[in-house]
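A.B. asks: Whenever a hint applies, use it, and build me the whole structure from the sequences.
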Amino acid sequence: MKFLISLFFLSFFFACKNDKSAQELSKHVNYKKSLVASKKVTLKNNGYFYSFYTQADSNNDSIVYRKKMRSGKDGIDIYNIYKKESQKEIIFTPEVLRLLGRYHGFNVKSKDSIFLFGLNKIMMINSAGDILFERKLLSDDQFSENKPISSAAVVNNSQPYIFQNKIYLTYWVDLPPDKSNLLYKSNVTSIYHINDGRFFEMDSSNYPTSYFDKCWCNLDTNVSNVLRKNTAVFSYPIEDTLYIHTLDEKKAIKKKIARSKYKEREVKQMPCDKLWDREPYFKHSYESFLYSDLVYDRYRDVYYRFCKHLKKDYNMKDKFNSLNDTFSIMVLDNQLNVIYETAILNTKPKYISFDYFINKEGLWISTNNPDNENYKEDELGFELFELKNNEN
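Under my numbering, the first residue of the sequence shown carries the number 1, and numbering increases by one thereafter.
Hints may be right or wrong, so weigh each one.
Stated by the list, open to error - Under the rule of at most 20 Å between Cα atoms (straight-line distance), these lysine to aspartate or glutamate pairs were calculated in the EDC-like manner: (1) K311 - E264; (2) K311 - D273; (3) K40 - E383; (4) K73 - D318; (5) K83 - D57; (6) K350 - E373; (7) K268 - E279; (8) K32 - D297; (9) K33 - D301; (10) K185 - E201; (11) K109 - D178; (12) K214 - D178; (13) K350 - E379; (14) K40 - E379; (15) K33 - D297; (16) K166 - E85; (17) K350 - E383; (18) K268 - E287; (19) K283 - E264; (20) K33 - D333; (21) K317 - E287; (22) K388 - D297; (23) K348 - E377; (24) K348 - D318; (25) K39 - D297; (26) K111 - D74; (27) K261 - D112; (28) K109 - E89; (29) K283 - D273; (30) K111 - E89; (31) K84 - E377; (32) K319 - D301; (33) K312 - E264.
Simulated from the structure, these hints should not be mistaken for lab results.
C.D. replies: Here you go:
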């Protein structure tokens, strides 16, 4: 009997150790708030291919920066959204593009502190395009395009952020799923120390155990990670749970379950032998409810969690187009309790759910969907979603 009791406590100890955190259910708090569409703005499109990456200026509410890509014309457009036109173009010089290796993305601290991210490089330029500094992430003998860091593509669902002179980069780990779970055990966030050039992985930023021993495609593994004050919150596509890291203290990771009211069932894994086949991939996308971008709104001190909905009436013969996915947006307070969730959006193609920015007025979502009946090639449209009091 003593042996059984000892075994019980030993099992309990290891279960707690492996979990490393308490899991809490997000409260559905009645704040009488709603996120509603209001006005629209239309900007002039300068004729470039854009990568759906837009960032508002934290010091000037009217300015947004938009990544553009075109052979020999890669750079950033700086727009005044209220004057509805581009105020300035930063066209990267051949030297900047050569040093970057590949233009993944940017983060704007101010007009004279624009961080660029390449294949194995961080660079800072000013609004004139002058290089202020450039650093390699890994030395030449450490770096190869086959290593995980080569997938550090800075995408909209995890914009890089800066905290205490450190740049946090979240990326896709470029490893195939296998029985060792090496992919899912890999940390997905790395930290670059601006002052001394050190580059290291963020501890415990690997995938949750729900991913282990299964095969998932890139839709299921695209992590979203945002900063609020000293706290980083990680959102994983297949998980209701949000993972909370305190960056300036060695604290256990907290967990908060925040499930969408529209999620009817759990996500099914992909067949391991079909991961790279087109039809199973499209079928999986249609049939999966996935959490996509998690975004922090510092003006209202809330989070927006975008949810990609499954499609019940799809036809595999139709052309696959992820721009036309229906979605909803969950609003969470600063404790990650659910305040509100919108109705299902994009039932008629209108929005691009992963092209947005936030300013003092609210959340602006792109209406540049080519299947939008009002789409015009020479215009860039955004619609404002405001968090309003709901008296009903």
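A.B. asks: Which hints from the list above does the structure break, by number from lowest to highest?
C.D. replies: Structure breaks hints 2, 4, 11, 16, 27 and 32.
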